[in-house]
Amino acid sequence: MSTIRLIGRLDIKGPNLIKGIHLEGLRVIGDPQEFARKYYEQGIDELVYMDIVASLYGRNSLHDIIRSAAHDVFVPLTVGGGIRSVDDAREILRAGADKVAINTAAVKRPDLIREIAHVFGSQCMVLSIEAKCQAKDRWEVYTDNGRERTGLDVVEWAKRAVGLGAGEILLTSVDQEGTRKGFDCDLVRAVSDSVSVPVIASGGMGTVEHLKQVVTDGHADAVAMADILHYNRSTLAEIRSSAAALGVSVRSDEL
Amino acid sequence: MSFDVVVIDYGIGNLYSVRRAFEACGANVVLTDDPALIVSAPRLVLPGVGAFADGMRGLIERGLDSVVREYAKSGKPLVGICLGMQMLATVSMEFGEHRGLNLIPGKVVRIPSTTMEGAPHKIPHIAWEALVRPDSIQTWDNTILANTKPGATMYHVHSFTVVPDDDAHRLADCYYNGRQISSVIRMGNVYGCQFHPEKSGRAGLALLKRFLEMS
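Note that the protein sequences, when read in sequence, are chains A and P. Position 93 of the first sequence, counting from 1, maps to 97 under this note's numbering, and the rest follow consecutively. Position 28 of the second sequence, counting from 1, maps to 59 under this note's numbering, and the rest follow consecutively.
Be careful, since some hints might not be right.
Said to hold, decoys possible - Partial list, computed: chain P residues near chain A (C-beta under 7 Å):
| # | residue |
| --- | --- |
| 1 | N45 |
| 2 | Y47 |
| 3 | S48 |
| 4 | R51 |
| 5 | G81 |
| 6 | V98 |
| 7 | I154 |
| 8 | W159 |
| 9 | V163 |
| 10 | Y207 |
| 11 | N208 |
Hints in this document: simulated from the structure, not taken from any laboratory. We put the beta carbon where it would ideally sit given N, CA and C, even for glycine.
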């Protein structure tokens, strides 16, 4: 088994790191740069930044935040929220991002996936999916932080996007997000088993046991975590060693 | 102006992070596509992400393919990163067949889409993988990995992998579900890293720092 990536997810509103429940009811946590540096020092594998109001207001305010992060943090940075064109993507990559995560704009115009994959490579094109459970084994794609329905089936949309060139999928369960009750393992497995590209499970991590479940039962290739880190409920070293003790293959950060 | 390392800017990829990582190691870095500056560099970095054909076209359009080949002959340290490593090979099979710089004889081929046991696995290969010293390599002393210990983990993201014609040019490997991947290749003063040292945390910075000590 390959090593599972442990990814810090930083939801951003304006200049602040924030955290919500079901992507709503947002609470300010602090200065994103401070948290990014802390997680880097602790040995995070990757960071994901999501401007959570960008598509609502039709803008992306992450450039300065990403520029600062890329100055001090030497792990991959993925940026999402409000990226609507190849030019938007180019601008944020120039600021120091390694990948872009696209949700709303890809739903509105799926060809954007192909365009970004063509210009920057598939490894750069992360499809972000916000999923809500509709019935057993059926999930619908939402946009705008779980507010807007699209009518798209999550598994079908994931397969189509990979066909268009998405190189990775960031899969957020709106139902589980912020609840600390564990990932939607059925959702993650349904998507991960249907596509050839890596899937990042996001939403619901309360304990390391949840991480193990989403890897073994959900077939996740990477795990995004937010409030378990933001609220200092565990350090990354604790998560790493507990995960290893539970038999999850994670990298050793000691060498 | 004195500088420690030149990073070739041929219109591709996130060069800010490469520059910042070298600066964090205390280096003066120049990003340029100016052949004169490149030739005068004490150390040269060929970065790159994206498609092989686009990368080679970017070099050729600027006349930099021959400049890099000449540089390699100088004996000064040269490292290609990710796509930059793949372009050091003879030929790539990515979307057709494309000629590379042929500085380290070998082929760029797709990573097998199954594990050693035959089960499907995810491509692109995106993971921090531990570096392994192949049996054919006695030591990493006096190489770009002099400060790297076997088992150190580096961030890999790729769908294609370099297979050198001569196993002796495999300086470090990693294993993706049992599939051997060339993580670092080397022929003389020319090195290639499949992973991104500038995105591999402390272990990656240690490698870049070591590169800055080489001459």
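(message) Are any of the numbered hints broken by this structure? If so, which, sorted upward?
(response) 6, 9
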